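Visitor: Listed below, chain by chain, are the residues.
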Amino acid sequence: MTDPLLLARIQFAGNITFHILFPTISIALGWMLLYFKLRYNRTGDGAWSQAYQFWVKIFALTFALGVVSGITMSFQFGTNWPGYMETVGNIAGPLLAYEVLTAFFMEATFLGIMLFGAQRVSNRVHTLATFLVAAGTTLSAFWIIALNSWMHTPAGFEMIDGQAHATDWLAIVFNPSMPYRLTHMLIASGLTVSFLVAGVSAYRWLRGDRAAAVLAALKTGVSVAAFLIPLQMLVGDMHGLNTLQHQPAKIAAVEGIWHTERGAPLLLFGLPDQETRSNRYEIGIPKLASLILTHEADGELKGLNEFDGVHPPVAPLFWGFRIMVGVGVLMLAVSWAAAWQLRKRGEPSVWATRALVAMSFSGWVATVAGWYVTEIGRQPWLVQGVLSTAQAASSVPAPMIATTLAMYLTLYAVLTLAYVTVVFHLARKAGKGDSAPYPAPAAAPQPAAVAAPAVQSAEA
Amino acid sequence: MTPDLTLFDTWLPLIFYALLGVSMLAYVVLDGFDLGVGILLRRADSAQQNRMVASIGPFWDANETWLVLGVGILLVAFPMAHGAILGALYLPVALMLVGLILRGVAFDFRVKARDEHRAAWNLAFHGGSVLATFAQGLMLGLYITGFADGGPQLAFALFTGLALAAGYALLGASWLIMKAEGALQRRAISWARGSLLLSALGVAAVSLATPLVSQQVFDKWFSFPNLLLLAPIPLVTVALFVVTDYTLRKLPALLDAGSHAFCWLPFAATVGVFMLAFFGLAYSLFPYLVVDRITVWEAASAPASLKVILAGVVVVLPTIVAYTAFSYRVFWGKARELSYQ
Chain C
1 MTDPLLLARI QFAGNITFHI LFPTISIALG WMLLYFKLRY NRTGDGAWSQ AYQFWVKIFA
61 LTFALGVVSG ITMSFQFGTN WPGYMETVGN IAGPLLAYEV LTAFFMEATF LGIMLFGAQR
121 VSNRVHTLAT FLVAAGTTLS AFWIIALNSW MHTPAGFEMI DGQAHATDWL AIVFNPSMPY
181 RLTHMLIASG LTVSFLVAGV SAYRWLRGDR AAAVLAALKT GVSVAAFLIP LQMLVGDMHG
241 LNTLQHQPAK IAAVEGIWHT ERGAPLLLFG LPDQETRSNR YEIGIPKLAS LILTHEADGE
301 LKGLNEFDGV HPPVAPLFWG FRIMVGVGVL MLAVSWAAAW QLRKRGEPSV WATRALVAMS
361 FSGWVATVAG WYVTEIGRQP WLVQGVLSTA QAASSVPAPM IATTLAMYLT LYAVLTLAYV
421 TVVFHLARKA GKGDSAPYPA PAAAPQPAAV AAPAVQSAEA
Chain V
1 MTPDLTLFDT WLPLIFYALL GVSMLAYVVL DGFDLGVGIL LRRADSAQQN RMVASIGPFW
61 DANETWLVLG VGILLVAFPM AHGAILGALY LPVALMLVGL ILRGVAFDFR VKARDEHRAA
121 WNLAFHGGSV LATFAQGLML GLYITGFADG GPQLAFALFT GLALAAGYAL LGASWLIMKA
181 EGALQRRAIS WARGSLLLSA LGVAAVSLAT PLVSQQVFDK WFSFPNLLLL APIPLVTVAL
241 FVVTDYTLRK LPALLDAGSH AFCWLPFAAT VGVFMLAFFG LAYSLFPYLV VDRITVWEAA
301 SAPASLKVIL AGVVVVLPTI VAYTAFSYRV FWGKARELSY Q
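Protein chains in written order, with the working numbering: chain C, 1 to 460; chain V, 1 to 341.
Don't read these hints as lab results, they were simulated from the structure. As the structure is a prediction and not an experimental result, all values here were calculated from the model. Misleading hints may appear alongside valid ones.
What the hints assert, rightly or not - Only some residues are given here: those of chain V computed to face chain C with a beta carbon under 8 Å:
#, residue
1, Val76
2, Val243
3, Ser301
4, Val314
5, Pro318
6, Ala322
7, Thr324
Ideal placement from N, C-alpha and C gives every residue a C-beta, glycine not left out.
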């Protein structure tokens, strides 16, 4: 463990893994809050306002964790990978700048109004603030995914004296893998949040909390999950085909194909062995990999032997991919079973609620596994074909990286644990009737008796 | 190298140097007051602590974004300097980040976690604020001395760390004088008085150190007619400190008499001090991003990329300023209990 490059990679990976947990939730949760808010504005049904009030607390917590871990990243670009900005800064710079300018300030400022301003602004402005926060999180995802995708499928630039210079900004932003990656990530966020909302609501339900808000949120979560998961499988497949076209080595590693073959099997299990360049204990379905990736049973798939040793490590990709897909299949089974039950009986069975509780953070597992596949799959490149990870590394000595790495990892472990604990703690607290009534929106049709105290409290 | 000032491409790095300055100044003043409130947190009782956090709750997120913008501009407009500066400041940066992380998450955890954990999160909030501030002061000290190794330089950096903590405490206390009422407001006045001297010493030390470190900087200040033209900077700074001190002495009596007319003055004067110190520093360092080593032109990205960013900045920055002002207006006046309602 004295290799500074490896330590810098682990440190950056640790930070970015910790970071992605929270935007994955805040992107889609922002939109779900807007949905709760709009439903309440439209119907005046208190269940929706309670759902908003409960989930906005978790949103605030999630957002704070996303902000602080994001700040860490903006520094680590420079401390860990100085060669990155020196080589491709002309491309990465504007994309990052636009993310900060168009998204970060908007989210952060209107979050203040969204969280604490309900009594100080009109309901219309408060709804607008909720919308702008959701839009900000999504816009932020747009810019950062554009940059990340460019690192996988660089386009619209030329190299002059070892530095990338932009030639076509549209081609840079909408580079070949960007539409697939962005869609895949946004749906991943939707799935993560729908399972979180369904899971935490199921937890409250299991504990005997029969508040109308609980069932409303549970139904919303399950419906969104059941709708999104088949869509995600379709988009994931398209993303895979796009990767096959641009980064065939990544697909070869994912499928565990060491040597180019026709009619390659879809491996369900196997132990990839970098030494012997083969898999041990293979279990696969004949010809299925070729069929999925080339749409021909005897289609040819390029093996890792074609890439002269310049290919990513096989085991993390092979396993990361199977974990992601495995969680996806579980999501399909649980969400459809729960949706069917809710439709048939109007409330979930004990077993369905238990399964949903267990799946509360399943989105995190799938998302992180998926990111590992795509990011480790780009190695040994930092920017595919342009800049290797080793070239971009800094000269910070290994002991210093190791010390700060230990510090960061301890902090991240504690905070992740604290986050999960507090989410369930808030769920228990809400069940004890802790949530105060939500003030009536000025615009919504409200009985006068309900509206009056709200006006008073707004003036108090 | 004398750059050709008739070309727009020569001006681009200057524009970004100015933007970098504006962002860092906005960050220091804005996050300065909320970090200062965090530094002072341990001195208050539980109810006052809630009110103190409530006074900064709606703002801290956006305040911290100025740091991201500042570092972002350094990163995207001056990539060479970004690597050199952050590489040299690796350890204090890591300490600052840990501090900011603790402080940022404790905001939420302290009200949402179980009651028995509340004290620990309050401690994290306070400790994170102190650590982040001290690390920033340390970075300032190391930066000014040009990242030179040595005992005196390190001692100086440790001192700027302490002085910045005093300066932020002064900002935070004078913010609370505006936003708080009753006993908390009185305490804030005494906190402000307590942090005034060390803040002044810090400003003086930073002002004197820069010319001592570099002959060039020395000549810029202590030659004619510069000396006369620049004299207002130190003179007004001293005047602002005197005004702050005087107001803080008189405020308790004024409050007793029911007058709240001057509660804004200590904060405004402190912000003025920070701005003047910042301009003085910027004048000293210009055109260098790293003292006597890397100039703005050497470090700048390709003009084509800077233009793309500038187009966005011109449109978006006024919008940001507008809705930031809107947010401060929404939460104008004395701080109330924060609740998600």
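Visitor: None of the hints should be skipped; say for each whether it holds.
Guide: Cross-check of the supplied hints:
{"no.": "1", "hint": "Val76", "verdict": "3 Å, holds"}
{"no.": "2", "hint": "Val243", "verdict": "31 Å, violated"}
{"no.": "3", "hint": "Ser301", "verdict": "5 Å, holds"}
{"no.": "4", "hint": "Val314", "verdict": "10 Å, violated"}
{"no.": "5", "hint": "Pro318", "verdict": "11 Å, violated"}
{"no.": "6", "hint": "Ala322", "verdict": "10 Å, violated"}
{"no.": "7", "hint": "Thr324", "verdict": "6 Å, holds"}
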